[in-house]
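Listed in order, the protein sequences are those of chains A and B.
This note's numbering numbers the first residue of the first sequence as 6 and each following residue consecutively.
This note's numbering numbers the first residue of the second sequence as 245 and each following residue consecutively.
Calculated from the structure, these hints are not laboratory results.
Please note that a few of the clues may not be correct.
Have a look at the derived ranges for each label pair, beta carbon to beta carbon [to be verified]:
1. A:V97 x B:S383: 37 to 43 angstroms
2. A:E198 x B:D602: 55 to 61 angstroms
3. A:T180 x B:E333: 33 to 39 angstroms
4. A:G252 x B:P269: 57 to 63 angstroms
5. B:N451 x A:R323: 56 to 62 angstroms
6. B:E662 x A:E139: 33 to 39 angstroms
7. A:R415 x B:A395: 56 to 62 angstroms
8. A:D34 x B:I604: 51 to 57 angstroms
Beta carbons are placed, not taken as given, at the ideal position from N, Cα and C, and that holds for glycine.
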Amino acid sequence: MLLIRSTAPKSTDIDPATITANIDTSERDGFSYDPSSPPPAFGHDMLKYFGFDKEYVNVNHGSYGSLPLPVLAECNKLTLLAEANPDKWHRVTYMPLLVKAREEVATLIHAEHDEVVIVVNTTHGINAIMRNIEWREGDVILNTTVTYGAVARTAQYMADRSEAPRPKVYTVELTFPMTHAEIVAAFRAKIKEIKKNHPNTVFDILPTDTKLEGKGNRIVAIIDSISSNPGMYQPWKEMVKVCEEEGVWSLIDAAHSIGQELNIDLGATQPDFWVSNCHKWLFAKRGCAVVYVPKRNQHIIRSTMPTSHEYPSVESVRETSDTKFVLQHQWTGTMDFIPFLSVIAALKFRKWLGGEDVINGYTHKLAYEGGKHLASIFGTEVMDPSGEATLSMTNVRLPLPVEGTGPDARPIYTKAVQAQIARFLQQRFFETWNTHPGVYVHSGAVWARISVQVWTELADFEYVGKAMISICKEIEEEILANATEENEINEEKASEETVDSEKATGCWIA
Amino acid sequence: MHQFWSFDPKYINLNHGAFGAPPTPVQRASNVLSDQIEESPDRFFRIDWYPMLDSVRERLAKFIGARKEEVVLVQNATVAASVVLRNFEWRDGDILVGMSTTYRGVFKNIEHVRDTNPHITLSDFHLGFPITNAEIVKSFREHIRAIPRPAATSANPDPKIVCVLDSIVSNPGILLPWKEMVKICQEEGIYSVVDAAHSIGQEMDLNLEEAQPDFWFSNCHKWLYAKRSCAVLYVPKRNQHIVKTGFPTSHQYSSPGQPLPADWIKKTETNGDEWAVPFSWPGTVDTTPYLSVNAAMDFREWVGGEAVINEYCQNLAREGGKRLAEILGTRVMDESATFEQTLNMTNVELPLRDVPADKIEFANNVLRDRLLLEHKIYAAHFYHNGRFWTRPSAQIYNELSDFEKMGAAFVKVCKEIEATLKQDA
């Protein structure tokens, strides 16, 4: 395994006692708002409601999300309430607030209230589902080459058990740009290929099956509703239909969906599982994610992770067929519940801004137009020219060399080169330009992922354009020009390591 | 010391052991850090977070007599228990030992492991208090020795026995002779998983290098004054090969025989610290509880340090327990002359007799509602070994008069419960 040293400061260079010395914590104007007055126009006027450093041009909301200051203020109030009497808070007060938070989120995604629980983040939610599946030798987990890194590693962990029973991981190659139709076709083709290559395996276990005697195996597909790198809206609903037709389980990694994707109707779409981060696009506090498991599949979720007080015994489940999905999730050990509860204030704030349609009407349009504008500044292209995959994020090719695809083509963006670029980008992003678009390698080229939020304006795209032109020039002159020697060394190494999939994989650099 | 906490001034908190309580300087430090994170989330999560986390790990490791490379942070003790127990690859014939006093949440993890690995055996070591430490050690040794050793088979060539034991039990709040019990496990070739949820910040002079538990975890938000919630998990190097992943599995999970994809750059100096790397990123979370440990430990040093804090708390627990027993006309659970089982929590029997089994929950609910909501004074209460007990916690914001007020409240509420039950009978 190549150990890549970063230039992160050593722990001795960062002194926790002084690192926050220059932060002004006097309450800013944006901590409260008058719900009876109209909000400011979207664009930079909205920045007063967020806690960004005044110099920071935030075009990467999609990574970690950011909560509005009024939501933070409400969280601080709830914290003080909790600390006034921790026993009262944990034994009496928080529960009805959690119920309310769950109900509001369930309504937003058109799910039944008791099909929705809250966990700390999507990685956690997906891990919990995967761990609850009682894998059989011969089971298949199907992901794609753009499956989020943590989720792909989770699938790998499932397969890594040293002996049976364990599933095997298969991957659909997705090389963007690709149309939605092409993605669906590739997905279906891969399922058929798996079945064809395993003629002695019967993939007949459905999520609703409670009795497995005499049954064969299962295929569990992890499907992005919106992929991360690249940040593209996927034809996930069509893929769910393919799953239904093919008897495949659909586990939707919808980390980016809630608050960005409009018209989520899980009651209609009926995926088998769906998990989304509320702290990404919904303005909740980190970390808060919603897990949807329709009643018909709740028997699979035998335990929360970790297991806790309300875990029902085997006898109880046998008698009642009830795995107490909602009840188990109400308490999984002492934690700070405030992020879970922050969705209430977040939804209230979003309502004041005009609601989901108004917010996303703005961001989707600006993402599409801004992306095209940025591409023209670079002289390159957007990854999604038709716009069918563009919600609030856009992906634009950076003005850097593109790897050839012929038999003599040499890889430019090797692991070593990527690591160098990554270190360089972090320096330039934080110390020079004060902006941090997502940057990644995909399909032999380097791309920027821009997130659009209610504070974004076209001027932000222009600023990023200016920054990236300068940065890319430096990358070419200082890193790529000196990289040829390393390429040769790496070519030797390449025969020892599996690098084929990396050409198509979205590799998150910065 | 109330000025350093943000309790409702009308509320008397004698239950610090349940959920902890961060002093206001710790709360403030967390808010300031939170603001810093919001200034540039990318900067914080990609750069600042890792060395800050490392500084906490370093400090905690020193505090518990371990090496930094053996210490990671997780969300809470229940998560730590789950991480340890689920990383074992359970095979038919393996044995998992729990205790009747195992914390309910942790015991549910044991149950779930058994439910998903139905051919392993659960062995239950029963403890009924009052019982002296010498008796505990004796009967624990007997119990462990009596467990039939699983035979090696082709399916399970190296069968194992894993024992979950508390350093400090929750209900009752009793310090166990855990170091002797760990030694017994060592002698008998058994893995010791020490649930030390209550230990850090209450149990003095922790030295895990000396005590040598196989796994050990403790909540920093209980007695160490950190923000909720944060726990430290200790896995000595000799056992790190067992714990292959944290929960959730994330970007840095290292798969045997498969290189990490190039999209993840090691953010930390990893000289011998590789095992801990996957624990540094459990997906996006609020990191302020973990980082609040520094402010918490700074405050404790300023107040006078561990010895000063815990001497006060221990003395108050002993005196307060005695006084409470006097007022209630009952007894303290730890009857030893040296208070061998009492640190900062004491257990006192409640004047609540002849409660039928189907009314125990009712009684506990009435106690909770009356004390918490009406009398505005609270200590944990529970049914154990045929009696009701209360477990007041002594903190530096408590005084003897708190115990006296608690006594008065319990007398009232217990009379009320007994009267109600008599009526219903």
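Hint check:
A beta carbon spacing of about 39 angstroms between A:V97 and B:S383 agrees with the range 37 to 43 angstroms that was offered as a hint. Judged by the Cβ atoms, the range 55 to 61 angstroms given for A:E198 and B:D602 holds: they are separated by roughly 60 angstroms. Between A:T180 and B:E333 the Cβ separation comes to about 37 angstroms, which falls inside the hinted range of 33 to 39 angstroms. The hinted range of 57 to 63 angstroms is satisfied by A:G252 and B:P269, whose Cβ atoms lie roughly 58 angstroms apart.
Hint check: B:N451 to A:R323, Cβ distance near 47 angstroms, so the stated range 56 to 62 angstroms is violated. Between B:E662 and A:E139 the C-beta distance comes to about 49 angstroms, which lies outside the given range of 33 to 39 angstroms. Between A:R415 and B:A395 the beta carbon distance is about 59 angstroms. The supplied range of 56 to 62 angstroms therefore holds. The given range of 51 to 57 angstroms is respected by A:D34 and B:I604, whose C-beta atoms sit roughly 54 angstroms from each other.
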